[in-house]
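Enquirer: If you want the building blocks of each chain, they are given just below.
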Amino acid sequence: MRFPIDEIWIDEDAAGEPLTSEVCRKLTSARVLVGKEIAEAQAAVELEADPLLRGKRILRLLRHRGAFVKPCPGTPAYVCCGLQIVHIGQGCPMDCRYCALQVYFNRPVLEVFVNQDDLVRDLKKHLDDYPDRAHRLCTGEFTDSLALEPLTGYAARLVGLLRDTANVLLEIKTKTDFIAPLLNLEPSNRIIVSFSVNALPVSRSEELRATPLESRIGAAARAQRHGYRVGFHFDPIIPYSGWEEDYFQTVDAIFAKVDRERIAWLSLGVLRFVPALKEVSLDRFGPVPYFHDAFVRGLDGKSRVTADRRIAVYRRLADRIRSHSPDARIYLCMESPYVWRSSLGLPMSSDADLSAYLDEAVS
Amino acid sequence: MNWLEHTVTVTISLERVRVNDLTYEIPFFGESKPLETSIKCAGILNTPVVQEQSDGGMIPVLGRRRLKVAQDLGWAEIQVRALPSSMPEQDGYELAFWDNCMRISDTATTAVVVNRLLELFSKETVCSRFLPVLSVPPRGPRIERLCRVGRLERPILSAVATGRLLEKTAVILSHLNSADREILMSLVQDLRLNANTSDEVVAGLFDWAVVQQKSIGEILALSSFGRILEDADHPVPEKAARFRTLLRSSRFPELDRREQEVRQWVRECDLPRDVRIRHDHGFETEECTIEVRASDRVRARKIIDALKNADI
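Going down the list, the sequences are from chains A and B. Quick note on my numbering: the first sequence kicks off at 1 and runs consecutively. Quick note on my numbering: the second sequence kicks off at 1 and runs consecutively.
A hint or two may mislead.
[To be verified] If we take Cβ atoms under 7 Å as the criterion, some of the chain A residues that face chain B in the derived model are:
1) L47
2) F285
3) P289
4) H292
5) A294
6) V296
7) D308
8) R341
[Unchecked claim] Pair by pair, the computed Cβ-Cβ distance ranges are:
9) D164(A) - E291(B): 18 to 24 Å
10) L271(B) - G286(A): 47 to 53 Å
11) A221(B) - R204(A): 30 to 36 Å
12) R260(A) - E124(B): 54 to 60 Å
13) P18(A) - S135(B): 45 to 51 Å
14) Y240(A) - I304(B): 46 to 52 Å
15) I312(B) - R315(A): 27 to 33 Å
16) E124(B) - P289(A): 48 to 54 Å
17) P88(B) - G286(A): 33 to 39 Å
18) E218(B) - P71(A): 45 to 51 Å
[As the list claims (entries may be wrong)] When the alpha-carbon atoms are kept at most 25 Å apart in a straight line, the in silico BS3-like pairs for lysine-lysine are as follows:
19) K168(B) - K302(A)
20) K278(A) - K168(B)
21) K214(B) - K278(A)
22) K70(A) - K26(A)
23) K123(B) - K68(B)
Hints are computed from structural coordinates only; laboratory data are not their basis. Built from N, CA and C at the ideal position, the CB exists for glycine as well.
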């Protein structure tokens, strides 16, 4: 296990789930806390100087009681891709210094929802309720889709479930190269294995414990060779002085290894964050230069560099991508129609437009 | 154990009392004058509590300010309740805490106390026993932030206690070295900035220094800032406004450029006297807001009708 787990916390009502037994069987060296022991342990973690860091070595197994399928928490102020999140758990064992999850949840530990049957039931019901809609689903919003796959097998199960459903597309999004379980399955056009990528210096210094960039790109190539389509997410792009060359190298590295015809899409998103993230980052890591860049308050209340700067970044990066793949399906994550038009030259005035643009890429 | 039951009331020479010893300090950032007046009028109403030291000296446990005022007033002797030197530091600080907890209300005092408590007790004890009394959440990042603030220099703490600096500004200062903190404190003082503008300037300079990988001193040594700060011909509020404008345009050059473009464009539009145009905040979109001021509803109606009929 690349991400060591010291403790497993098992909620009382999660103890009987098959996935709980499976995880415990695989993590024999971890200390297991059950039921009431958890509250005490949780209080102790919260007293740590950096609860998030400690929490990355604790896996809580619990039943999820809410909806398993949720819309991406986008904002009406910008154009959202309309992704739907399949909620398999929350928190991530990696520790990217820019990660929004640091301020998103009020519990610092990793959580896996072990009531898989409920998830499957909820997911099927959701798909049945909206049979005419094209569903783009993703498990990698509140957690990494594959970081805990060796323990949970969630991705493989979902691939098996959704691979042949005509109006469904499942995106498995990761910063790891844990694709082995997917290579044991029959590939499907309905499954996109996508990788968060960044400039090499950013990846090395900011994406703590993530799989090295080269290995991620290598994994993308392997997934593609197996028959999957792949995606790449340049997010967050950090526009530091000299960013272009570093990001161009990543673009070039991708196209040197991966067949452009089998790339479903590439997304671009310049760093933006809720203001509290800067404070948390300062507490945890000290001054991180890019959080102190010239940010202004965006329409969604998040800190963003000016639209002019973002447009310039998107334009340059899109040009580089198009130099390798003129028809690449490039999209922007949470940007305004003005930025879309000014950077990519595309009219993208609503969420529906962007959804259609992406659905078309995989139809 | 209640150590107050183990005191001995004695009259001692004030010279024996080390009033600047901070072992049991609960700081006070207010004025001592009212206490001095009170002591002059009525004497010391509550006997201070001190702890004997192995060398014969005494350090204050309760009533540090009373002891200090008495010294300043030139008293030779004072009646005290003396605690044995065997009293552990933890117990003495706890006495001081409970004696003062009702007045630990400002951020600076809270920060110093929380920091000291965490030096003496386990975090678990501090969170369960003391923080609820101080209305500090017993978990989350504020505890660490208060500790950082609590370790800052007294002039900064005093500014926080008296509302001249915000807590968040103090947190930023805690991430700088003492030389840069001193420079920034002098700056906000020289420019007579209030708490909000101090925060804007301190946060802005901190951000810029981090990005430029320079010290605050190096940033302020840039000639553009130096010219403003050394300017003796203009009033301070004007200098402060120019400084803030320069800092903003230095940090946000694109925004500054766009704002200048818009101002130039508005000038070229030659707007009627009652019309103003504002661009979208932050230039996130190309939207503009046109504001037309009408003297009365009749005229407002005419303007609306004209707009409706205009071929826009």
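Enquirer: Confirm or reject each hint.
Expert: Structure-based check of all given hints:
{"no.": "1", "hint": "L47", "result": "holds (5 Å)"}
{"no.": "2", "hint": "F285", "result": "violated (11 Å)"}
{"no.": "3", "hint": "P289", "result": "holds (5 Å)"}
{"no.": "4", "hint": "H292", "result": "holds (4 Å)"}
{"no.": "5", "hint": "A294", "result": "holds (5 Å)"}
{"no.": "6", "hint": "V296", "result": "holds (4 Å)"}
{"no.": "7", "hint": "D308", "result": "holds (5 Å)"}
{"no.": "8", "hint": "R341", "result": "violated (9 Å)"}
{"no.": "9", "hint": "D164(A) - E291(B): 18 to 24 Å", "result": "violated (58 Å)"}
{"no.": "10", "hint": "L271(B) - G286(A): 47 to 53 Å", "result": "holds (49 Å)"}
{"no.": "11", "hint": "A221(B) - R204(A): 30 to 36 Å", "result": "holds (33 Å)"}
{"no.": "12", "hint": "R260(A) - E124(B): 54 to 60 Å", "result": "holds (57 Å)"}
{"no.": "13", "hint": "P18(A) - S135(B): 45 to 51 Å", "result": "holds (46 Å)"}
{"no.": "14", "hint": "Y240(A) - I304(B): 46 to 52 Å", "result": "holds (49 Å)"}
{"no.": "15", "hint": "I312(B) - R315(A): 27 to 33 Å", "result": "holds (30 Å)"}
{"no.": "16", "hint": "E124(B) - P289(A): 48 to 54 Å", "result": "violated (36 Å)"}
{"no.": "17", "hint": "P88(B) - G286(A): 33 to 39 Å", "result": "holds (35 Å)"}
{"no.": "18", "hint": "E218(B) - P71(A): 45 to 51 Å", "result": "holds (48 Å)"}
{"no.": "19", "hint": "K168(B) - K302(A)", "result": "holds (18 Å)"}
{"no.": "20", "hint": "K278(A) - K168(B)", "result": "holds (12 Å)"}
{"no.": "21", "hint": "K214(B) - K278(A)", "result": "holds (19 Å)"}
{"no.": "22", "hint": "K70(A) - K26(A)", "result": "violated (30 Å)"}
{"no.": "23", "hint": "K123(B) - K68(B)", "result": "violated (32 Å)"}
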